[in-house]
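Protein chains in written order, with this note's numbering: chain G, 1 to 757; chain F, 758 to 950.
Keep in mind the hints are simulated off the structure, nothing from the lab. We put the beta carbon where it would ideally sit given N, CA and C, even for glycine.
Covered stretches of chain F, as calculated for chain G (at least 3 residues, CB under 8 Å):
1. 792 to 805
2. 831 to 839
3. 856 to 867
4. 897 to 907
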Amino acid sequence: MIGRRLPSVGAGDRVTGRVQYADDLRFPGMLHAKILRSPHPHARIQGIRTERALALAGVHAVITGSDMPNRYGILPWTQDEYPLAVDKVRYVGDAVAAVAAVTERIAAEAARFIEVEWEVLPFVLEPEAALAPGAIRIHDDKEGNLTKHVHLEFGDVESELAASDIVVDGDYHFEGTTHAALEPHCAIGKWETDGTLTVISTTQVPHYLHRELSRVLEIPTDRVRVIQPPLGGAFGGKSEPFDLEFCAAKLSMITGRPVKILYTREEVFYAHRGRHPMRMSYRLGATKDGRLTGCDARVVADGGAYSSFGLVTTYYSGQLVTAPLALRAYRFDSKRVYTNKPACGPKRGHGSVQPRFAFEVTLDKLATSLNIDPIDLRRRNLLAVGDRTINGFLLRSNGFAECLDRVETTSGWREKHRRLPRGQGIGMAGSFYISGTNYPIYPNNMPQSAVQIKADRSGRVTVFSGASEIGQGVNTMLAMVAAEELGVELAAIRVVTGDTDLTPVDLGAYSSRVTMMAGNACRKAAQSVAERVRTAMARRWETSLQEVVLADGRATCAGRTDRDVSMAEAFALTEAELGSLGGIGHYHSPSDGHGSYRGATIGASPSYSFTAQVAQVRVDLETGMPTVEKIWIAHDCGKALNPTIVEGQIEGSAYMGFAEALFEAQLFHDSGLHKGPSLLDYKIPTALDCPDLAALIVEAGDSEGPYGAKEVGEGPLHPSIPAIANAIHDATGIRIDSLPFSAARILRLLRENAVSH
Amino acid sequence: MKLTTAPLTVTLRVNGDDVTASPDPHRTLLELLRYDLGLTGTKQGCDVGDCGACTVLLDGAPVLSCLVLAADLDGAKVETVESLAAGPELSPLQGAFVDRGAAQCGFCTPGMLMTATALLRVSPTAPREQVAAAIAGNLCRCTGYVKIIDAIEAARDALSAEDSDTPPSAASAGRPGDSSNDTAKICKGGARS
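Kindly produce the complete structure, drawing on both the sequences and the hints.
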């Protein structure tokens with residue numbers, strides 16, 4: 001079962017249009033709601049009059065900030081948002097009021113009838129200006145607009161740099177990007193007749209949403225149910241509570257009717273929580289034979305109007321560049337700053353994609369200066385299994401060396417690097433990433449994931465897990481793990497996920513944690529069911545438990561052809577022998593894989609994936625137009641539980657990195673208005689734009705992972721961007737240190753390069 | 758010009774069934790399908806014709822149903838993703854999407870399948886480049902398009918293998934030619950960069 005290329009669970013429903021996403025659900029009497037949003041980047045609300053909106057035929061309720069005066073936020077330490085603005089708005093698009101009506105169209109019309117009296121305030125859009133002395137305060141209780149500042153040093157960086165044979169430095173700018181999942185956010189609030197609240201939402205964190213709904217709406221957690229239907233993509237963009245979930249719930253509580261809110265595509269761009277724009281400065285030293293010495297990094301991240309996951313982002317921006325290569329000393333200073341723009345948050349490769357770009361380009365500069373092949377430079381600095389990174393992360397497995405070998409061979413690196421004609425080039429980069437975080441978002445000692453399995457005389461096995469299917473294949477992973485342990489075919493397994501009333505807690509689909517955590521929990525639950533079945537059968541067959549084999553849908557006894565029953569019979573016999581048949585399993589992450597300094601746990605993971613990539617590009621020297629022809633991606637996922645799905649994650653990650661490298665940017669006018677909140681203006685690549693993607697699976701099994709498995713959903717994105725930048729250098733001789741790598745930017749650099757030579 | 762407030766009634770054929778509707782003048786085909794007919798397989802990703810998720814076939818050609826007014830469809834023939842499977846059997850294209858892992862989150866899948874269905878009807882031997890060009894108006898955010906194009910090619914090969922099992926005259930009969938004009942019609946969008 002494990003390692004087979006099986007079709008993913010639910011694929012049949014996806015190709016027939018039968019799968020029901022949140023917006024496909026309708027309920028009798030359901031109302032539709034719209035949210036009125038701020039036209040100002042920063043303004044105080046002097047008063048709101050809702051009478052005219054309420055008077056419109058078909059309108060059932062209007063709510064404003066005073067209806068939900070409790071603050072929320074995904075991290076318990078930085079809750080700085082209201083479902084609807086109380087007192088102030090902080091970006092163009094901030095939610096002000098919500099209207100429920102019999103149709104979406106009437107709700108939208110009614111929202112225009114809400115009268116808001118504004119005191120327009122000065123605003124600030126750039127982090128440097130927001131940090132300047134005397135800058136306006138975006139949050140009245142936060143002077144200086146600094147949302148988080150982390151400064152950590154490991155070893156003596158200045159001594160190491162001073163003693164180095166060479167030090168290269170660089171300033172980098174990563175423009176912000178957004179997730180642009182094809183499915184817009186949608187939520188349905190349903191106040192039930194038994195006095196409980198159900199919220200159906202496009203969330204990838206039902207458990208955290210459950211907690212926040214309870215707190216903000218002041219309803220005990222046992223009266224709140226969150227249902228998460230299959231998601232039409234998320235990529236981190238649905239990993240915290242949003243205004244629409246609170247508003248749909250509150251409007252349902254007021255009207256007693258189900259209320260649906262569906263974001264427009266424009267609203268999705270304003271909801272954002274995408275990749276932070278970052279300005280980064282790096283100094284990296286080495287000996288003349290290419291041993292890395294010290295690294296000094298400074299990062300300023302533009303956080304937008306609210307904290308979101310920003311505390312974690314700030315740590316990740318420094319903590320997650322310390323492998324796969326060994327450093328003798330490392331220091332980073334990261335600041336996240338409030339500005340009057342939509343809040344940034346976690347996008348695939350949270351916090352670490354930007355510094356990975358800067359670090360890997362700096363490494364390439366080092367390789368050029370030392371005249372060492374970039375792959376060889378990395379080979380001279382490898383960390384080994386059992387090593388700790390300079391900031392204390394324990395590496396229980398490490399397939400990076402093999403990743404390097406694979407991309408070097410398959411790409412024809414030796415024949416191409418520094419050997420292709422001008423205008424063509426090849427570049428490479430490497431990275432690592434977490435397989436979940438060692439600690440949950442709110443401190444507690446409960447398991448990170450739990451799974452229950454029920455089986456009965458029908459032969460059917462049902463897996464209950466709070467994990468979130470967002471398109472990444474969670475349901476398939478759970479079904480395959482259960483099928484492997486119980487010796488049944490995939491078709492015998494039903495998976496129930498994402499319903500806080502029906503499933504045990506899983507913390508959500510973020511930080512690439514699900515296979516590691518829900519996978520381990522499911523494996524233990526299935527093993528406990530299998531053990532019960534084997535115990536019962538051993539008793540029935542008067543043999544030892546070890547003699548009973550569960551495989552190929554049958555229970556058998558080794559060496560006894562007369563002892564062979566179908567799994568349905570085995571389950572029935574187990575029910576008769578032992579009572580009902582079920583099992584539970586849970587996963588606690590280890591607490592030994594990190595240091596003990598303040599912040600040591602942030603970025604610490606049970607295990608780490610590794611990636612190496614080679615990108616081949618062509619640059620039109622007349623126009624600057626770059627074309628990425630092919631990317632080879634070797635990714636160490638520990639064990640590919642389903643290679644087809646693993647390849648899909650590798651390809652999708654590399655595609656998204658490529659997209660950010662060449663096309664994407666979340667940009668704003670000087671007024672704070674988004675420059676193009678549509679899928680036409682925000683350019684995401686079409687099938688004609690995409691390079692060939694060669695996904696190469698490397699399996700350096702990890703002792704923590706189920707069957708050795710580690711993450712694959714986010715890691716393979718990281719090296720795409722620097723590999724392309726380094727390939728552009730190989731093709732043209734220019735160093736491109738700002739994103740995206742547009743034709744205009746490349747052409748300007750080509751001209752500057754020509755002048756300087 | 759004579760103005761009237763009387764509701765307009767249209768009769769169209771949706772997935773083989775005759776449907777009579779009196780849509781508001783601003784009702785789109787997408788809204789008609791999803792809200793009035795309960796055919797929620799067709800997805801709304803942007804509502805302004807940018808993403809391709811709402812692609813359906815109108816008289817055999819792929820269109821963005823969010824940009825088509827329902828009131829304009831009297832006598833039209835509409836095909837949606839719900840029509841692709843023949844009874845309980847998936848179409849070869851649907852089967853290839855399942856086998857090849859081409860539907861990750863599945864949200865672009867219905868539109869992608871409709872565009873590809875139209876492509877393979879008019880260009881049953883479409884090479885890889887033409888497949889990529891045909892689906893360039895359908896955005897996917899999960900796959901990088903690799904497995905989608907692989908799946909369409911697999912379905913193309915399976916279909917032409919089926920055809921080659923039958924006498925050549927029968928295989929070519931009743932199928933539109935593979936001319937560049939036919940291809941142009943179904944190649945929506947294009948590279949937008």
